[in-house]
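> Sequences listed follow chains A and B, in order.
Anchor point for the first sequence: position 287 equals 287 in our numbering, and the numbering is continuous, going up by one each time.
Anchor point for the second sequence: position 227 equals 227 in our numbering, and the numbering is continuous, going up by one each time.
No wet-lab data here; the hints were simulated from the structure.
Just so we're clear, the structure is a prediction, and the values are computed from it rather than from any experiment.
Glycine is no exception: its CB is placed at the ideal position from the N, C-alpha and C atoms.
Some clues are possibly wrong.
Across the chosen pairs, the derived CB separations fall in these ranges [what the hints assert, rightly or not]: (1) Phe-118(B) x Asn-10(A): 26 to 34 Å; (2) Phe-205(A) x Ser-193(B): 39 to 47 Å; (3) Arg-139(B) x Ser-281(A): 18 to 26 Å; (4) Arg-139(B) x Ile-299(A): 38 to 46 Å; (5) Ala-262(A) x Ser-193(B): 46 to 54 Å; (6) Lys-45(B) x Asn-206(A): 46 to 54 Å; (7) Arg-139(B) x Asp-269(A): 51 to 59 Å; (8) Asn-173(A) x Arg-44(B): 44 to 52 Å; (9) Lys-18(A) x Trp-36(B): 37 to 45 Å.
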Amino acid sequence: MTKPILEVNNLKKYFEIKGGVFGKTVAEVKAVDDVSFTVNEGEILGIVGESGCGKSTTGKAILRLLEPTEGEVKFEDQDITKLGPEEMRKLRRHMQIIFQDPYASLNPRHTVEKIVGEPLLVHGMTSAKERKDRVQELLEVVGLRAFHASKYPHQFSGGQRQRIGIARALANNPKLIICDEPVSALDVSVQSQILNLMEDLRQEFNLTYVFIAHDLSVVKHISDRVGVMYLGKMVELADKDEIYENPKHPYTQALLSAVPVADPDAQIDRVILEGDVPSPSNPPSGCPFHTRCPKVMDICKEVKPVFQEDEEQHYVACHLYE
Amino acid sequence: MNTKDDKQHSEQLVSNPAKLKQQQVEAEEMEVISPWKDTLKQLRKNRLAIAGFIIIAFFIVVGLVAPFLTPYTFSEQDPVNRLQSPNMDHWLGTDHLGRDIFTRIAHGARISLMVGFFAVTGALLFGTLFGIIAGYYGRWIDMLISRIFDILLAFPSILLAIAVVAILGASLQNALIAIAIINIPIFGRLVRSKVISLREEEFILAAKAQGMKSGRILRHHILPNSLAPIIVQGTLGFGTAILEAAALGFLGLGAQPPTPEWGKMLADSRDFIQLAPWTLIFPGVSIMLVVLGFNLIGDGLRDALDPKMKN
Numbered sequence: 001m002t003k004p005i006l007e008v009n010n011l012k013k014y015f016e017i018k019g020g021v022f023g024k025t026v027a028e029v030k031a032v033d034d035v036s037f038t039v040n041e042g043e044i045l046g047i048v049g050e051s052g053c054g055k056s057t058t059g060k061a062i063l064r065l066l067e068p069t070e071g072e073v074k075f076e077d078q079d080i081t082k083l084g085p086e087e088m089r090k091l092r093r094h095m096q097i098i099f100q101d102p103y104a105s106l107n108p109r110h111t112v113e114k115i116v117g118e119p120l121l122v123h124g125m126t127s128a129k130e131r132k133d134r135v136q137e138l139l140e141v142v143g144l145r146a147f148h149a150s151k152y153p154h155q156f157s158g159g160q161r162q163r164i165g166i167a168r169a170l171a172n173n174p175k176l177i178i179c180d181e182p183v184s185a186l187d188v189s190v191q192s193q194i195l196n197l198m199e200d201l202r203q204e205f206n207l208t209y210v211f212i213a214h215d216l217s218v219v220k221h222i223s224d225r226v227g228v229m230y231l232g233k234m235v236e237l238a239d240k241d242e243i244y245e246n247p248k249h250p251y252t253q254a255l256l257s258a259v260p261v262a263d264p265d266a267q268i269d270r271v272i273l274e275g276d277v278p279s280p281s282n283p284p285s286g287c288p289f290h291t292r293c294p295k296v297m298d299i300c301k302e303v304k305p306v307f308q309e310d311e312e313q314h315y316v317a318c319h320l321y322e
Numbered sequence: 001m002n003t004k005d006d007k008q009h010s011e012q013l014v015s016n017p018a019k020l021k022q023q024q025v026e027a028e029e030m031e032v033i034s035p036w037k038d039t040l041k042q043l044r045k046n047r048l049a050i051a052g053f054i055i056i057a058f059f060i061v062v063g064l065v066a067p068f069l070t071p072y073t074f075s076e077q078d079p080v081n082r083l084q085s086p087n088m089d090h091w092l093g094t095d096h097l098g099r100d101i102f103t104r105i106a107h108g109a110r111i112s113l114m115v116g117f118f119a120v121t122g123a124l125l126f127g128t129l130f131g132i133i134a135g136y137y138g139r140w141i142d143m144l145i146s147r148i149f150d151i152l153l154a155f156p157s158i159l160l161a162i163a164v165v166a167i168l169g170a171s172l173q174n175a176l177i178a179i180a181i182i183n184i185p186i187f188g189r190l191v192r193s194k195v196i197s198l199r200e201e202e203f204i205l206a207a208k209a210q211g212m213k214s215g216r217i218l219r220h221h222i223l224p225n226s227l228a229p230i231i232v233q234g235t236l237g238f239g240t241a242i243l244e245a246a247a248l249g250f251l252g253l254g255a256q257p258p259t260p261e262w263g264k265m266l267a268d269s270r271d272f273i274q275l276a277p278w279t280l281i282f283p284g285v286s287i288m289l290v291v292l293g294f295n296l297i298g299d300g301l302r303d304a305l306d307p308k309m310k311n
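Just need the whole structure built from these sequences, with the hints factored in.
Next comes the structure, spelled out in structure tokens:
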């Protein structure tokens, strides 16, 4: 199964900072700066990175919830950035999103039945009876009960709300689901329940996930391949086992060395990074990581490294491997 | 979808018998609490709001049965019995033309409540419409609408109302239109700010991600969630509108004689304040009570609708 379902080419999303008397653009925040990757049908691609590295923005730009500044997003060989509003709206049934905050992503004034049933209605299921049946079916699929349909979101716990969000995303049998930190707002015990549910659902419905998270162990648990982002750029992308055992980019190495090990006597060589993440409105010249990189070379300060295949299916953007 | 798989799946998820039992108990205990029902419950606990409801209900009933309350009509003059103090025949006395003040106040309740209702409804409808357009579409439309609101708000409201009435001519209907117009920006700005904050909410983004059209998002997601402040402002605005109508009436720009408008009654009796204070006191108290009633309800609603006030 190596047929790509999603192809992201040179995706850029810049946010303009307006200022001055006339509201002119005074600066740009390069939230996502030239990111490319593909997602194969049926796989789970994890995207990790620290806060503000642009991983959520990437997810939202893929769905055009944020309009990309530049670049291509090909869903089933169709460039969706060029679609008109109505075509895009109809395509949305095939590409869904699960949000981070289960408290903010459900309309507080709608019952669960309406929340889960509304995507069915807008994509053509006009019969109320059919919708009701489908909603009940979906609720059972995500581990809730049929009687929950008449309740309001505030009557549920965080984990249950996230299940409602998953049921809503599943409503129209999508092919691709962007999971925007779906478990980071939940308790650890509930996290594993939701992760297991998502894995089960993937097998049952042959789903493809782009799984965005900052928790490395969560990503390791669920992903097939993992991409690491830093300051709006993808710095490394490889198979899960490959990236966790043989990280190439110094940033990935530092990130992985920060994962706690459940053994108090374990000796780990921690790579401690100095300084802060530079501002994305004024990124460093050359490699964005050169200000903090322990292996920095002269070339890093001037030339941007190219994101290329170093080994089989192992992509990295670093001058060390050129 | 394969039903066998489904069944297996749900079995797996509720395999723990204790959990299953717990869920059944939950099913019995968990009643559906709709946000609106909850608000009503909160409101019923608020004694001041109940007092407000009673005051308003009283005036509504008085207004409804006004023609049957007394043997007089509101315009019937009786010069012999003018400026009588309250007595058995004239419960609240008579004015300088011998008209029964109680009858006039009862009929005035109709006018005041009607003015309040139509002025608030008009301002609310147009204010909400413009507010939603400005807040949701943003950019130059927002700029244009907001600046017009600013201009309208820059005038003292009564001055603006006088200007509107001066253009349209003095009558109760035109006073009503004027009051509606001066209240549009108040609702408009409220709705605009609410819509702007809602627009950034994740559930609105979720609705967009589901593939809903803008119109549907506005009607089913943004509007129901911005209703709470609109309702509160509507109730409070009811009192203000009645006060403004009385002020216009007092200035002779609203209801024309012999319409028993409360503000007009105050103006007519101004010269007799020493001689026959009841001619002023009763219309004045009526205005005060109605405005107080609406303010009490409005405050109660605001508390009931504010999630932070819930215990």
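> Decide, hint by hint, whether the structure agrees.
Checked hints:
no., hint, in the structure
1, Phe-118(B) x Asn-10(A): 26 to 34 Å, "59 Å, violated"
2, Phe-205(A) x Ser-193(B): 39 to 47 Å, "42 Å, holds"
3, Arg-139(B) x Ser-281(A): 18 to 26 Å, "23 Å, holds"
4, Arg-139(B) x Ile-299(A): 38 to 46 Å, "45 Å, holds"
5, Ala-262(A) x Ser-193(B): 46 to 54 Å, "49 Å, holds"
6, Lys-45(B) x Asn-206(A): 46 to 54 Å, "53 Å, holds"
7, Arg-139(B) x Asp-269(A): 51 to 59 Å, "53 Å, holds"
8, Asn-173(A) x Arg-44(B): 44 to 52 Å, "45 Å, holds"
9, Lys-18(A) x Trp-36(B): 37 to 45 Å, "39 Å, holds"
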